[in-house]
Amino acid sequence: MKSISLSDAATIVGGVLSGPIKEMPDHLITGVNTLSDASADEASFLSNKRYKGELDSTAAAAVLLSSDQDAPENLGVILVKDPYLAFAKLQRFFHPRAKATGQRHASAVIDATSQLAADVDVGPNAVIGAGVSIGAGTIIAAGCVVGDNTEIGSACTLNANSVVAHNCILGNKVILQPGAIIGADGFGYAWAGDQFLKIPQVGRVILGDDVEIGANATVDRGAIGDTVIERGVKLDNMVQIAHNVHVGAYTVMASQVGISGSTKVGKGCQFGGQSGSAGHLEIGDGCKLAGQSGVIGDLEAGGVYAGTPAIPHRLWLKASALMIKLPKIWKAQQK
Amino acid sequence: MKSISLSDAATIVGGVLSGPIKEMPDHLITGVNTLSDASADEASFLSNKRYKGELDSTAAAAVLLSSDQDAPENLGVILVKDPYLAFAKLQRFFHPRAKATGQRHASAVIDATSQLAADVDVGPNAVIGAGVSIGAGTIIAAGCVVGDNTEIGSACTLNANSVVAHNCILGNKVILQPGAIIGADGFGYAWAGDQFLKIPQVGRVILGDDVEIGANATVDRGAIGDTVIERGVKLDNMVQIAHNVHVGAYTVMASQVGISGSTKVGKGCQFGGQSGSAGHLEIGDGCKLAGQSGVIGDLEAGGVYAGTPAIPHRLWLKASALMIKLPKIWKAQQK
Amino acid sequence: MKSISLSDAATIVGGVLSGPIKEMPDHLITGVNTLSDASADEASFLSNKRYKGELDSTAAAAVLLSSDQDAPENLGVILVKDPYLAFAKLQRFFHPRAKATGQRHASAVIDATSQLAADVDVGPNAVIGAGVSIGAGTIIAAGCVVGDNTEIGSACTLNANSVVAHNCILGNKVILQPGAIIGADGFGYAWAGDQFLKIPQVGRVILGDDVEIGANATVDRGAIGDTVIERGVKLDNMVQIAHNVHVGAYTVMASQVGISGSTKVGKGCQFGGQSGSAGHLEIGDGCKLAGQSGVIGDLEAGGVYAGTPAIPHRLWLKASALMIKLPKIWKAQQK
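Chains as they are written, first to last, in the numbering used here: chain A, 1 to 335; chain B, 1001 to 1335; chain C, 2001 to 2335.
Everything labelled a hint here was simulated from the structure, so no lab data went into it.
It cannot be assumed that every hint is accurate.
[Said to hold, decoys possible] Each computed DSS-like pair below joins lysine-lysine, with the alpha-carbon atoms no more than 30 Å apart:
no., chain 1, residue 1, chain 2, residue 2
1, A, Lys52, B, Lys1264
2, A, Lys328, C, Lys2267
3, C, Lys2288, C, Lys2264
4, C, Lys2331, A, Lys335
5, B, Lys1002, A, Lys267
6, B, Lys1288, A, Lys318
7, B, Lys1331, C, Lys2264
8, B, Lys1049, C, Lys2318
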């Protein structure tokens, strides 16, 4: 089990020891846990005020705390600017990414024309197509399928049974959770009077560095041009990105969001769960969409929206609160 | 083909022969079918009044019927308290669960350190990781992946291409439909000023006995503590359960429901399709949520809710009905 | 690289050369691209007026255009009735479906009792069960699982890691995108006082000719009778079709739509993304549902609907627009 002294922990998170633990900088901790579950050899953190009552009773050796938060006198504290970020840093110390070591399971099917860096891991029953290239340190887990001529960068992780179809491009440090599907055909047909003709989907999917795609999420390939997910974008489970969508850097979408074809989503946006957007729209940088909201027109940058059709969040809150007054409103008018 | 006498069928369902079939308790039936499709050697049932008109024309040898339902005089009837439950029992007689017999397909990859009960079946191209334990009678179908150190109970069924990641715990008689993903990483990041830092998701998923998870549904592992699905919970296809959610026993969620992180769902709740809940909430025991409703605050036990934000169902019905009067209301006020 | 003369291209799309290219019918093109990206040896098309400004600057050798659209004088034009359909036809010429050639990867597991036409392709680590039949020209990609006794027609494509469970029937030219699940158990339980009894789901899924099912979409098998998807139906990614649903020919559902059990959807319907329907309903032929709408009662054929509960689209537009006036309406009444 990994362990670290409190003073080294403070260094990792850029914090300062405070309270009784100032006298015991060499005390070792072996992990991070919640306030209620932490033991005397673990650190903890408070990032959600909802749980501040637990500061009194926690057994944690030290709590990552911001300076504007009162702490019980006898509490070991590591003062930090952002406790949640500090928690992330400490947790990443205790649980670093698994290291690729070049294992290729005998049952994996790796096309002879593919080019894998020496330390790439390929798990049992994974399939790597022709002309694929995979960069250093990437891990391809059991049951994954990588289509022909796809390029995968370094230090990526494709978890179990995820699929990247042919001709796609993944940057570095991309993570696919299990069952994610990159590069399925977009949904394109032309009506020919008596049947639909499928339009071949010949574009690619391009995922930037540090993109993470959730379990069973789907990112479709472009119809002609590409579907592009810029660097640092995080998509939760079962998010759907249609063909030719462009998602700007560091945008975050919670589970079950759906973005229709050719819509351009700006940088740094936040989509609540089950929200969606119609196609061919522009959603400006930094927009926030509440859960289940539905976008049917362009949205200005920086706005906060809710409802279907999506309207400014404050307006939606007011209107929603009055929805339940409708019976009263109606009755009053009938008089 | 399996067959059973009407009197034995009545015993299985705890019912009583009534009508002309009282005189023919030894008549054999070979299955259960709908009222419209049943033949003279099949039983049928009426559980939805919508179909009661079909009692007159059904060819079924016997119909599972509750005593408060009028039946045509010449109809063979097995009187029962709950026809739908009786149907379930009879159908389970005719279609018992497949029995595991210890088959291990040559193409399956089973780590030498895993411990499988003698009769566990492992299908083609399935992958069982290191330190896994699997109890008696469990069936692992083709293409499944079970991660390291996961414990799976007895009499479970993991259908094709489903995934259970590392360190998870499945009780007994758990069923995963194809493509279900248990134990993917939760959606957790901290913003570090210029990028997101992924927070290692080190908790587990714990599924109780008799839990069933639908096709392509996802249950994420906890960030620190565990994601817990208590006994008897049934989740339909593409349901999303985020990290550290707790779902109480016998709660049922229809397809495409999404529950955000750390929300606590009570026992015996019912969620309609495409409904969802924000994170860090408490939804009391026995709550019912209409389809597409959105929970954004704690809900008291036993309530029936609809809409986004979710409000009492009766109120929502009234308000929704009046939505379409808004043009009238508006016009009247402008006068 | 495939190439074709402009006159042959015009023949394929049933169009007529117009503008300067009338004098150069033998000029070769090598593909189709968007107006902005096309080069001088590619064709392009205008089907969405939103992009008509790009006609002035496109470098395309020829643009598929309808006769009611003005074109710059120096633009090479192929006049057609329906530019989008013409685009589809030309794209299909340049990118025909891959041809099956009877390759069976050594790692595929094909039961000896299955019957595959000579030219059926089976990819790495795919699994074909007992008693399966597969028609000429069908391609089964890597990691797919086909259950016992399922019948698959000719010229079908099962993309990576898709699953068809036992006893299902797929017509000809069916396409499953990666991760699609056909024939998982429907969601059926009876409450037995202290637990749910699972009702064995013994019906089948029947997919007609030319059906396409999106990535990670799910079509459940019937409880007793069958779940039926008629010819030409197109379901986008993560669409959910519950047990015993019947979807009429040429109906199209965008991503994340959910149809509950036993509902009958008519022919030629269009469902917007994230819309859904309750169970046991009838949705008439040719209905159009806006994105995120929720159907809770039968719908007459040919209607256009939106909202939850779904109401006529025009009414919904008016009512939605007035939602944001509710604060004003309320205030005015309080006076």
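Quick rundown of the hints versus the structure:
1. Between the alpha carbons of Lys52/A and Lys1264/B the distance comes to roughly 19 Å, so the proposed pair stays at or under 30 Å and holds.
2. Simply put, Lys328/A and Lys2267/C have alpha-carbon atoms about 42 Å apart, too far for the 30 Å limit, and the pair is violated.
3. With a C-alpha separation of about 15 Å, the suggested pairing of Lys2288/C with Lys2264/C holds against the 30 Å cut-off.
4. Between Lys2331/C and Lys335/A, the direct Cα distance comes to roughly 17 Å. Compliance with the 30 Å bound is thereby established for this hinted pair.
5. For a cut-off of 30 Å, the pair hint linking Lys1002/B to Lys267/A is broken: about 62 Å separates their Cα positions.
6. This hinted pair checks out: Lys1288/B and Lys318/A have alpha carbons roughly 25 Å apart, not beyond 30 Å.
7. With a CA separation close to 38 Å, the supplied pair Lys1331/B and Lys2264/C exceeds the 30 Å bound.
8. A hinted pair counts as satisfied when its Cα atoms are at most 30 Å apart, and Lys1049/B with Lys2318/C does not qualify at roughly 37 Å.
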